[in-house]
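Whole structure, please, built from the sequences with the hints as guidance.
Protein chains: 2
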Amino acid sequence: MTRLASEDDFLAAIDRHFTNAHSHLCVGRGDDCAVIACPPRMAVSTDLFNEHSHFRTSYFRPGDIGHKALAVNISDLAACGARPLGFSLALAAPADLSREFCDEMLAAMAALAREHDMALSGGDLTRGDALSLCLTVWGGPAPRSAHAGIMAGGGPEGGESGATVAAGGSESTGGQSHPATGGSSPFLRRGGCQPGDHLFLVGRVGLARVGLLALESMGPEAARLYPEACRAHLRPRPQVAAGLALAAICGTGDARIALMDVSDGLARDLPRLIGADRGSGLGAELAMDPETLPDEVRAYALANDLDPVDMAFTGGEDYALLGCCRPAMFDAVRAAVPGLIPLGQVSADGVVLVNGDLPASVGFDHFSG
Amino acid sequence: MTRLASEDDFLAAIDRHFTNAHSHLCVGRGDDCAVIACPPRMAVSTDLFNEHSHFRTSYFRPGDIGHKALAVNISDLAACGARPLGFSLALAAPADLSREFCDEMLAAMAALAREHDMALSGGDLTRGDALSLCLTVWGGPAPRSAHAGIMAGGGPEGGESGATVAAGGSESTGGQSHPATGGSSPFLRRGGCQPGDHLFLVGRVGLARVGLLALESMGPEAARLYPEACRAHLRPRPQVAAGLALAAICGTGDARIALMDVSDGLARDLPRLIGADRGSGLGAELAMDPETLPDEVRAYALANDLDPVDMAFTGGEDYALLGCCRPAMFDAVRAAVPGLIPLGQVSADGVVLVNGDLPASVGFDHFSG
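For the protein sequence lines, the chains are A and B, in the order given. Going by this note's numbering, the first sequence opens with residue 1, and the numbers climb by one from there. Going by this note's numbering, the second sequence opens with residue 1001, and the numbers climb by one from there.
If you are wondering where the hints come from, they were derived from the structure by calculation, not from laboratory data. The model shown is predicted, which means the values in this text are computed figures rather than measured ones. Glycine included, C-beta positions come from ideal geometry on N, C-alpha and C. One thing to keep in mind: the hints can contain errors.
[Said to hold, decoys possible] Reference excerpt, derived from the structure (chain A facing chain B, CB under 10 Å, subset only): (1) Ala-34; (2) Thr-126; (3) Ser-132; (4) Arg-190; (5) Asn-355; (6) Leu-358.
What follows is the structure, encoded as structure tokens:
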């Protein structure tokens, strides 16, 4: 193993894995700033991915770390129906980080970036006791279709899409305005839900939690017993195509769609979608049939005397999309995203019920947990 | 002292210090992504500011940490002649971080953000053994003046400036094209220098290094002996107005201006400006009169048997701007930025000389150092 000796070594590794000539980069890496080509509105998000807090090197391979650090950030763009454009990477790394570790980590990150045609605009490097990755991602609007339901499967691709949104001055709507697509924003948001609205999921929930628990107790061997769950935890797949497809059919008023990604588990994230954490007074009645849960969630629950529905409700880090729309919109939503899972309905009584009962558990707070 | 107990506590602190309704924020904090209003081209940069690597809490007060973490990032925008627009903040914090510490840190960061009318778009929080701040900043083009030399002092302010640059598709020029303002970029860059070009500084160099050395050996008491140097180290002032003024008079061809910020010291950064680290074959002949160096640099050198010119040449973290222009452009450059310091000329021989001699020292590598 060769020790990564200097900043120049690291920059050379970056250049081996990420192209510095990209349609989104007017000026690539190597100057004080990169210069990026922007649509009139961009969605931006920042997520840390840190050793001990978010991963352990005892069962995360370097490629898993590189993949997941970017995937959890892309998931925030997917949750807004944004098309990924670029990202920056800041890395704090122990002095003994090897060149091979760094190469494997960057190769997997670069593979995911290529899949979404994202440019790496630059970043920073410093030493740290533990490995820490801080990514900021940004994305542009999805192309819009004129009619609901015509987008299906893989979602829209290609072309500058900024032309469909107003290019004028920058109005402020603050953080509180409620239409799922704000007046000047072409992206999907949380909130704007009403009693009777349909709730839905894109992607499975509970699997990544099973993967985490199995990996924590068994280490890498867990992948033999729970391959799908371990993969969900180590290599989550952000639901970009579904987010774009939903953004493409989303309108205003009763055609709005509320959307977020489930990073902290349904138990914590559902109240955020429906605004219950901001006093909306809304609740939900969820129908989660244990028979329809992933096989490995049911197997793990059975083997460990746990309730599979509770695992699916509280388990985090699946990076599924959680959405909400008016009943009249639901057929178009289902047509736009094959495989979408109905989850229940919004209620007026401020309580979340799962299969008619109050759930036992709440989710995870990274800071107090 | 009250312990910062949860993510919600931290988010509340953020909201106390940073407005969430801002002309640059179409959708503020609180969703999966923020939505920002963008000019057609933006300059972006990311810098870590980490305990142990970049600061010590033994002599950095919380406000110094908050200020400097943002200042070093804004300096990268200044180095491109960009107008700051917004930033994201990711924080890893020890479990015992107090509410008071957090408030002081954010208050100073917010004061600097207000000074430059920057929006905080969002970020992330997690636990860590040491305090770590990762910021990504972005900015838009400076307004352009038709004639050289009309901008002076405080630099241009206000107004959307994107209208003066092409709003078309996104051309790729890669990272290698050399005009100081790339074909599709309204920002200043490194490189494009020729023998005979004038080199200049905006801001002092050496002071922050004196501050660091004095604080490391004396702790906070150092501020009695070396107040200006300690302030330069703890509270650097990014040269935004000068960067904007230079961008406003910069043209193409012989009207170009190369610019960067001096974060690692002249010894390491000057070769980067003139492309000597990328095989330009250029050198420089610097004239640094010890009599013109800051009093505290000379006093510290005298007291510690050091060479003041060597300290000014190698010392980092001053966040001065280092620039280069054709001789015919230099009068306009001086008129645009009062107080600008001539530094010497670019030479053809690939060697950097300081007052006729080869310098003894090179700068600092955060990773190998």
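Quick rundown of the hints versus the structure:
no. : hint    : verdict
1   : Ala-34  : 5 Å, holds
2   : Thr-126 : 5 Å, holds
3   : Ser-132 : 7 Å, holds
4   : Arg-190 : 5 Å, holds
5   : Asn-355 : 27 Å, violated
6   : Leu-358 : 22 Å, violated
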